[in-house]
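Trainee: Protein chains in written order, with my numbering: chain R, 1 to 344; chain G, 345 to 688; chain S, 689 to 1024; chain U, 1025 to 1360.
No wet-lab data here; the hints were simulated from the structure.
Some clues are possibly wrong.
Stated by the list, open to error - List of simulated lysine-lysine pairs, DSS-like, C-alpha gap at most 27 angstroms:
no., chain 1, residue 1, chain 2, residue 2
1, S, Lys951, R, Lys67
2, U, Lys1287, G, Lys411
3, G, Lys411, G, Lys542
4, G, Lys643, R, Lys305
5, R, Lys65, U, Lys1200
6, R, Lys214, R, Lys198
7, R, Lys65, S, Lys988
8, G, Lys542, R, Lys299
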Amino acid sequence: MPWDEGLVNSLVYDAPSPAEGRVLPYPKAINEALDIALGRDERVFVLGQGVDDPSAMFGCTRGLKEKYGAERVFDTPVAEESMMGVSTGAAMNGMRPVFMHNRPDFILLAFNQLVNHASKMHYMDNGKSTVPMVVWAAIGRGWGSGAQHSQAIQGLLLGVPGLKIVMPSTPHDAKGLLLSAIADDNPVLVFEHRWLMKKDGVVPEAHYAVPLGKGIYRRRGTHLTIAGASHAIELAQQAANKLAPEGIDCEVIDLRTVKPLDQAILEESLARTGRLLVVDTSWMMGGVCAEIGCLAAEKWFHLLKGPVRRIGLPDVPSPAGYALEQFYYPNVERIGAVIREMCR
Amino acid sequence: MPWDEGLVNSLVYDAPSPAEGRVLPYPKAINEALDIALGRDERVFVLGQGVDDPSAMFGCTRGLKEKYGAERVFDTPVAEESMMGVSTGAAMNGMRPVFMHNRPDFILLAFNQLVNHASKMHYMDNGKSTVPMVVWAAIGRGWGSGAQHSQAIQGLLLGVPGLKIVMPSTPHDAKGLLLSAIADDNPVLVFEHRWLMKKDGVVPEAHYAVPLGKGIYRRRGTHLTIAGASHAIELAQQAANKLAPEGIDCEVIDLRTVKPLDQAILEESLARTGRLLVVDTSWMMGGVCAEIGCLAAEKWFHLLKGPVRRIGLPDVPSPAGYALEQFYYPNVERIGAVIREMCR
Amino acid sequence: MRNYEGKGIQGLGAHDQAFCVELFRRMLRIRRVEEEIERRYHQDQMKTPIHLVIGQEATAVGCCAALRPTDLAYSSHRTHGVYLAKGGDLRAMLSEMHCRANGCAGSRGGSMHLIDFDVGMAGTSAIVAGSVPLATGAALAAKMQRADRVIAVFFGEAATEEGVVSECLNFAALKKLPIVFFCENNFYSVQSPMAPRQAPRELDRWAAAHALPSQRVDGMNVLDVFDAAKAAVARARKGGGPSFIEARVYRYRAHGGAGDDSKTGYRPIAEREAWEKLDPVECFYKVIAKTGLISDPARKTMEQEIQEEMQEAFEHALASADPTEADLYRHVYAVG
Amino acid sequence: MRNYEGKGIQGLGAHDQAFCVELFRRMLRIRRVEEEIERRYHQDQMKTPIHLVIGQEATAVGCCAALRPTDLAYSSHRTHGVYLAKGGDLRAMLSEMHCRANGCAGSRGGSMHLIDFDVGMAGTSAIVAGSVPLATGAALAAKMQRADRVIAVFFGEAATEEGVVSECLNFAALKKLPIVFFCENNFYSVQSPMAPRQAPRELDRWAAAHALPSQRVDGMNVLDVFDAAKAAVARARKGGGPSFIEARVYRYRAHGGAGDDSKTGYRPIAEREAWEKLDPVECFYKVIAKTGLISDPARKTMEQEIQEEMQEAFEHALASADPTEADLYRHVYAVG
Ligand SMILES: Cc1ncc(C[n+]2csc(CCOP(=O)(O)OP(=O)(O)O)c2C)c(N)n1
Ligand SMILES: Cc1ncc(C[n+]2csc(CCOP(=O)(O)OP(=O)(O)O)c2C)c(N)n1
Ligand SMILES: [Mg+2]
Ligand SMILES: [Mg+2]
């Protein structure tokens, strides 16, 4: 499916500065992280539907089976719930699985093993077992994927204790965060976004780790703080750049992990700007946007100069058709309009 | 398991005023609602593990199989995912299933059918099919139920478009809301709380409907708005009553349904009090507390006189042991302490 | 692999001759529609994923021919064939695939969610095995309503890897539901062959172990499929409960999108070529042509009619209006 | 129902005599611990749900006797028997059940989450079938690590209604994992008999249809259980892959809590009484007593030892400290 052609390529991204690495496509950065992790630690293995097929999970797993063998990089039955449990059980017994999914929608089949088991085994048995497991999926969008193939489910999982949730926005972070996720002793969800898969970026060749739970300023500014992650922060950056000539000076925080959440960077920025816009790739209600908006009202109320705003998806299932998608998904224009309102 | 004895009975509830009905135990109110619904509409049927066994789902289903036959009130295999799909498919084809679960934790096995299917069929097929289905479960707590048997999952589902979520707090509402839920043409989740099952209350005998999406004032006041539902609002009322002699005059809003959410009553109350405390029976993070807190920061910012606060569960799995449970769950004292802080 | 010709040519058995020609016409129509979708796909007018059924026409046509319009069919993501075989409106289908407001799902579904309640095309799911419990629930409803309605649910062999199918087989057998579980075993799940997915089990016997009648048929042979489906549907209608049919088939094209992707190496090209020799459309044509039921000129007319209908439907779709922003917010909840 | 005595009394076969006495001792110990838990439960000191295994002692003991301490056992909610049979620490178990900080799960687990990694009691789940994939994953780890480790997972017959078990059987057979799927069929799920839950299928054949060896044994006969488990464990250890064992048993008490609830009517009291005649503990005692392996005085000593150990463990638990508020926040995440 050409979900990306035309739609994704039309987005203009910041040109990467090649000082600290090679310019790599996003999936290749993930591929390098997996390669390094498999090479460094024989406990690591990669499983998932089609991870060894010619499509190689958007290219992310290309060549890994050939290099590390069919026992460490393998295809699975179409059976998400059991495979999530198998990954959890293997992780509890000395292995470090990376369980890859084409789409987060399929993880909904495995919520029992993920939420009722993986997230709490360590707690339930008083710290005796650990579940060093990565669950990876690429959020879909566009080309008619529709209600069952486009969902971003970070909001559903945000409240579940014991999980970590990573959402990279650059090839650099995709590699460094994945390496951190694999090295982490907890179940870590890594949600990529399909539209980022077309992005190139500067990626150091060696092993490096981007820490979980640490946000980063993508842009410094004084009028308004935009916080979010993944593709949403991409759009936010573009909107911020567009508004700069109008004299609106936005600060953009890429949270990189939404759980744990970097509250320090949010507070620091809000102390400067006093205005908060939260952006997310998923539904606004009860998810990442809601949590950060509530935090502001709870912890940083006296820093706020005006209402918090959030931009994500409305309380509507994802439509399939192209025209409807245009109305459904936030874009640079809509983000820009809200920023203007907030700074008026 | 004597999860309720001693623990629950020690709570003192408002004495019911028997003007408008009989005083009934909570499960009997639910039983009446099911009885009336089965009697009025032959499309209604009740299924779930043990609905026809001697325990009769806390007594809620007692006598119904005898009255309406084994075809309309039936036990199921222990197979939550398929039974959720079967209920959905039956609902799409002219039936009105009420699918009952002992505990919400078991609904996590059925998230694929609930979230990927039931919630969106009506949208996906452009309104052609409807899913008039009720999914009922009783939130556990206490007596060592622990991490896999005590979860309140309304926060995980709040963001899912197409669902409704009902959380009664009195026998009166349990009956009236369940009748509304069964009459609704959408998938409606009804989350009871086990600690309410021991409560008595005034329940009119005839059919009546408590509307979905409408909150109610349980207490009028001017200093502070407490909003929540289910057992949390029970605690909040007690805290409010306790603080009244100190001159702290709380308004208590029982939301009754957390999706759709009655924003009008919240705004009305906040316009009066300017202070908001949100209480919930589940994790505070990314759930009902977060959504309402964020709404306040977003829509009612200029009404707020101070920070929003939330009281729910910390970002920790439910422990099993009694001592740990005392630290884990909010109680009247802790709610009272927060109210005092807010009104200082 | 069984040989379609070997069996079919020995005669059409007791099958009505006009019915045989009609089966051929239905398969041919699906084939031509699929080919046209494929031909046009690269124009990017159909902004929807596609899962072509070319090579698998006999299963949908054979099974749906055993159903009445009031019976219901449920399908997986690979839904074009079932939709058309069940009598679904071609125009509404193509409008849906062109994301138009008058699509059969108002452009909210896309190609994986083709429905047409008027003819009993009742539901699909883009989630593997997702429609199996929905169909089982429809069968429960039919039984409770004492309706004279049988349900058939189509799914791929990968769906049997999802535990929910085991659950549904048990429940349907338990309640003796009027349902036919129709498994199209094309040996692949996307680009994954059977070996990394299923232990060497026999799917028909695996199903039978859930206590229901189960049988394997040659899915390239429309009459074999029809006969098996007819028996299963009749049993269901009489209150005899569910059945399972494993039909072995092959898809000629890539899992999704246009064209074949065998050259990427996940399956032998020779394998596809061998299956193409058993082509459900052309082999059946030979059978009915040999027995004199159809002539080359008659086929030509048939082809022409299909072309005309199809081109008109494409044009209609292309000329139709897009949904509006207001449409986006419709039907999140049912009101009433 | 098969008769335990009928088979056993004909001799103990090739089984080592001391081993037979040890099997008896283990069953007796579990029985006595369970009875004591039951006796004390109404004092409300154990603020935890309980799922007694009285009547089902032979399965845990027979199967775990076929395992080494380095092999792993996983269990369901009904975990007391497996925990003790696998060698779990009785004091830590009773502390857990009394919600004490020194419980085997630090009071975070309760009675359904008894673990003791030192002896290979590796995990449980309060979710029906929940530990089956965990155990399958443990078997995958053992295979990948080329460890000489076999996994046994215990679950009730209701777990086979959850599709995930079908998924796990397929995966284990596919990967030839060193695991024994041990199904304790006690014919009830809480207060639900088989009839409303399972179509009339044979569980052992249902499992076999997933392409793995499967067998039914008399779960009231500890030697039958041991023999079947031994063969399955040996096969797994040799790389021969998984097996399924269905052991038919009966629980004498209510699904949860103390006492029997048969009088509520969900099962015939005569049914329980008939099964009690096959009692795994007392019937086996008769067998080994008859063959002279044990005498009444020796049993008395054994009972005494068990009593002493048990009472000391209860006292230890009751004297232990509660967890603190700081404990609540520990181990949400693993650090390091
Ligand atoms: C639960 C789930 N997991 C994975 C997928 C991705 N997926 C889409 S189609 C498909 C192949 C299914 O194969 P099969 O059921 O045999 O049907 P076929 O495509 O061969 O007709 C897969 C794995 C999905 N849609 N749903
Ligand atoms: C997924 C799930 N559904 C329902 C329950 C409630 N439940 C607890 S134990 C039990 C009975 C299970 O029966 P079986 O597996 O046969 O084990 P037994 O209790 O007979 O040993 C049920 C249904 C649960 N714990 N998990
Ligand atoms: Mg297939
Ligand atoms: Mg049982």
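Trainee: If a hint holds in the structure, say so; if it does not, say that too.
Mentor: Right, here's what the structure says about each hint:
For the hint linking Lys951 (chain S) to Lys67 (chain R), the alpha-carbon distance of about 22 angstroms falls within 27 angstroms, and the restraint holds. Of the pairs offered as hints, the one joining Lys1287 (chain U) and Lys411 (chain G) holds, with about 22 angstroms between alpha carbons and a cut-off of 27 angstroms not exceeded. Annotation: proposed proximity of Lys411 (chain G) to Lys542 (chain G) holds, straight-line Cα distance about 25 angstroms (limit 27 angstroms). Our distance criterion of 27 angstroms between C-alpha atoms is met by Lys643 (chain G) and Lys305 (chain R), whose separation comes to about 14 angstroms.
A C-alpha spacing of about 20 angstroms is found between Lys65 (chain R) and Lys1200 (chain U), which places the hinted pair at or below 27 angstroms, so the restraint holds. Annotation: proposed proximity of Lys214 (chain R) to Lys198 (chain R) holds, straight-line Cα distance about 25 angstroms (limit 27 angstroms). Restraint check for Lys65 (chain R) and Lys988 (chain S): the C-alpha separation of about 50 angstroms exceeds 27 angstroms, so the hint is violated. Using a Cα cut-off of 27 angstroms, the hinted pair Lys542 (chain G) and Lys299 (chain R) is violated, with the two alpha carbons roughly 37 angstroms apart.
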